[in-house]
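J.: Below, each chain spelled out in residue letters.
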Amino acid sequence: MSQQGIIFDIQRFTISDGPGMRTEVFLKGCPLRCRWCSNPEGLSQTLQPGVYSAKCIARENCGDCLAVCAHDALVFSEGKLSGIDRERCVGCFRCAEACPADAIRKWGQVMSAADCMEIIRRDKAFYDRSGGGVTLSGGEPLMQSDFAAQLLRACKEEGFHTCCDTALQAKWENVEQILPYTDLIISDIKHMDGRQHKEYTGVSNERILDNLRRLSRTETQIILRIPVIPGVNDNDDNIEKTADFILRDMGGRVETLQLLSYMRLGLEKYQSLGMAYGMDGMTFDRGSFQERVRKIRDYFRGRGIDCRIGTSGEED
Amino acid sequence: MGYMNRELHTTAAGFDPVDQNYSIGYETGHRDWSPFPRVNRLRKAFLDREYEIDVERFRNVTAAYQENEDAPTVLRCARAFEKILMNATLFIYDDDLILGEIAAPAKAAPQYPEFSVNWMLHEVLHEPFDKREHDQHFFRCEEDRREFIELCRYWQGKGVDDLVNSQLTEEQTKGSQTGRKIFQTNLYHYGGVGHFAMDYAKILRIGFDGMIAQAKAGLARLDKQDPDYSSKRDFYQAVIICHEAAKKYILRYAQLAEETAAGEADPARREELLQMAANSRQVAGGPAKTFWQALQLFNYATTLTLIESNGHSVSYGRMDRWLYPYYEADMREGRINKAFAQELLEVTVVKMNNPTKVRDGGTVRVRQGRGFGGECLTIGGVDEEGNDITNDLTMMLLDASVHTRMMCPWLLVRMHENTPYELKVKTVECIRAGYGHPKIFNDAPTIKAMMRKGCSLEEARDYAVIGCVEPALPGRENGWHDAAYINTVKFFEMVLNGGRCLDCGPHCGRWSVCGALGKHLGPDTGSLETYRSFDEVLESVDRQFAYWSDQMCSTLNIIDQAHRERKPLPYVSAYFEGCLENGVDLTAGGTKYNGIGPQASGLATCADSLAAIKQLVFEEQKYTGAELLKALKDNWVGHEKLYALVNSAKVHHYGNDDDYADELFRFMFECYCRNLSGRPTIRGGQFTPGVYSVSANVGMGLNTKASLDGRRAGEAISDNIGPVHTAAGSHDIKGPTAIANSVAKVDHSLATNGTLLNVKFPEDAVSGRTGRDNLISFIDAYFAGDPMHIQFNIMSSATMRAAQKQPEDYKDMLVRVAGYSAYFVELGKELQDDLIQRTELRF
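Top to bottom, those sequences are chains A and B. Each residue of the first sequence is one higher than the last, beginning at 1233 in this note's numbering. Each residue of the second sequence is one higher than the last, beginning at 276 in this note's numbering.
Hints were generated in silico from the structure; no laboratory data involved. Be aware that one or more of the hints could be misleading.
[To be verified] 35 Å max Cα-Cα, derived DSBU-like pairs, lysine-lysine:
id : chain 1 : residue 1 : chain 2 : residue 2
1  : B       : 456       : B       : 905
2  : A       : 1338      : B       : 1020
3  : A       : 1338      : B       : 897
[Unchecked claim] Footprint (simulated), chain B over chain A, 3 or more residues, beta carbon under 8 Å:
id : region
4  : 1288 to 1296
5  : 1315 to 1323
6  : 1347 to 1361
7  : 1456 to 1465
We put the CB at the ideal spot given by N, CA and C, even for glycine.
Let the sequences and hints guide you as you build the complete structure.
T.: Next comes the structure, spelled out in structure tokens:
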């Protein structure tokens, strides 16, 4: 168990990504830059400080971060820590260690599979009774495919159901690494048009689609998702092409197609990281968007695809 | 025994399909939950009625005491009971199918001067009941108020509390509700004995005539050589007087029903009234012969108990068990159909809400609600051989609960390794409807706790729950549950500050008899300034627990003895095994199992405080003990850094499945249980520790200075067995499985008076089939770790905030406040805020 992973969160008791109650391990680093990403702390593989200004108890009461920062990287406004000068910051995290108020969060930590298993194991009773287990998510877990495979394997050795939530922007050999230890793959199709895909996610969709084709020929269970983004991928043409792809290229071999309606999630994390949110300025009418998502669902169903809105698997 | 995950099934069926979905969370604007219009009308009539004060009982009990001044106490009590019953104004309400109130109109509170008039008189003169911030009661007219005051005068010096107060020493009172409120013995100090489940199977089987026959046989058996001859004789005679009076009272109801029927124009209603009259005539002396009569006799027997004394949490035992033979026979013989059986159950359930009482202001501040409270109704579980008992009534009582959604009864489902899946589904459907019932008990640790109290395995399996979470044997145990609230955070001040309160100084009302003389409230067992090791801190906790347990337990024994001397209970004694057999009143220890069960609050606050001391002072050595003490005395002002730190994730906190902090919680839990368990009580039996606060953690917090968990003075202390949440944030941040694991690390069976875990889930986390299954799995997995109890609030903070703003729209919104259900809008603002603030656990 020598392999180390870079992890930005381990959430216990999640129910959205895979069956039953689960522990979800979020691996840090992603090759995509989706504008709507709700986990900006998972994008870079580097450990990053995040600043929660509201928690800062003000320089006059504390100043512990200033006392330990040797690089003058802390930015204050109105007496409170408001950000970090990312140019100056060397990522020593002494400020995060010193802060008594949880105002500086260290996004990412280096953990071994054994470290993760120690946390995962604690909720065994809950997995057993709910048919749940462990989900690797991110970021993109396949960016750390050696570690991911090792962790999934450790889970299987203890009898846990395993799931990997991946964008599949990886070499097929990396996908193959995890398949022996993965019961369920959750992946998504963001756009069928390569140029549009690149426009909104930073990469083209060729490799993703290719991996989906190959994956559909394996035994692994697949849940496919579409993050439905108003004005981006919810047009008839794209929806039709997505359905064509699922039915022809993947032979219809998906358990469920889940439509995840766009939500403005993760804003506070962008702020903590000093990053701009890629969907700023986009406005849409929630009512008509909901209606649109229902129509998309009905279209897929009309094509014979088991399509649901949301992740719960509910008949809505 | 353990909690397994076998999927077992039952053919037991309620009125609704087992997986009927009742929607998720509280909904405003819905009034008609029941399929029976009659039930909806009765429910609405109850909600629309005002809480009144009724002086009739007060008048009659006073007259009876005056007429019998020379009689032995037990006979005086019996004569008073008789007088009340003979003179009570009777009420038959529209639509009702079950008769019997508590010698007062529905929702009007009778008065019980036998226990205490001191607070009654004080409050009526200086802190009027109708001017309270919450839990108001109203006099119908000024004449009633004047009569109330006049009647109080007769009773001064004659109450149970007067006898108690005359025996208490300064050392016993300095920490009580009249002192610094480390422990509060209000319940039995100022009120009657309740908190038990009577033997309903017996009364339904033999009726009042059977009770009288047993008493007469006891009387005939008496031996004049027995030195207790006269007290036993008086007791038997008192039992006979009470039950003869009960018979006459019920016949008065029969007559009234017949008279009402004669004047009734609607033939259907006339028929109902005549049937109620016939039922009453049958059960006035005889056993119940039908399901309807069983419910009728149940209601008479219970309300008579509440007429005799105002003890609360007079619980219904295992109703699906004792009632089933009558349902089964009626169904088998075709005397009844399921729909009518269901309607009768629901009418009975609505009726259970009628009894109300006025509590003393001190109690009201820590424990709100105007019902008697604590009428726990236990369903499910196993029989003496360990077989599951789920039957149609189990399901129908759940249906009745969700169709009525009222404060009473406090429905409780026992679960065990063989609980059928259908019962779990039905239970969870009710829970996620969000009206606050039912709560769930775990058989394995509870049966173990019962055996710790001395029960055999067969007896232990027949436990029912009393009040909030107190397990007891119906008809065989007088456990005096809920005997005192213990504020462990307040006594922890003595641990931190050399036996002194944190705010020790001339402003304190006790200064002249305490600090000014160089004295301490508690023994000096060290202070944060003097401890040289963490072990010394733990040792100090143990010594303070021992000292304050001495004060509290000796006080409770005095109170117990005062009940025996001033207010024996000859009517209800007949329902407890041993009393009629041996000629000994329930209050004198007449039944098989006896005990006194206080309950601790704030254990997590203390545990997180210990974690801060251990980690910051003795391990990291970042702060000295003196610095921590200074911060507390300053209420954290000027110590912002330390305040932030103890509230941050950098310090270990209970409730996160973190062994470091959970171990300290275990220390607190075990130290408390060890210091109470095994102490003998005056009635026989022993003290039984409970770990629950109901909603008292809010009121107790108001009286408590800052604590090292990062709580400021006045904030709520931790609730029940749950983790800390301070104004700075919740200390549990790892979600519900982590809380569940933390809570399950202690041996719950040590807390023989019960433990309570409150978990709030937002509406959207439990929706759909997935949400239902996850809730079932959560309960199953949690119970596998052998904790005793769990209950859920299914609601959003948004709903609660809306209810604060528009109370009129949320009049019937029940919320489970730590062990009991209450109407949210009737709670005080602090308690509402506390509920809103509680961690929202997200799936």
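J.: Look at each hint and say if it fits the structure.
T.: Going through the hints against the structure:
1. 456(B) / 905(B): Holds, at roughly 23 Å.
2. 1338(A) / 1020(B): Given that 35 Å is the threshold and the Cα spacing comes to 30 Å, the pair holds.
3. 1338(A) / 897(B): holds (22 Å)
4. 1288 to 1296: holds (count 5)
5. 1315 to 1323: Result for this restraint: violated, n = 0.
6. 1347 to 1361: holds (count 6)
7. 1456 to 1465: violated (count 0)
Hint check: violations occur at hints 5, 7; the rest are consistent with the structure.
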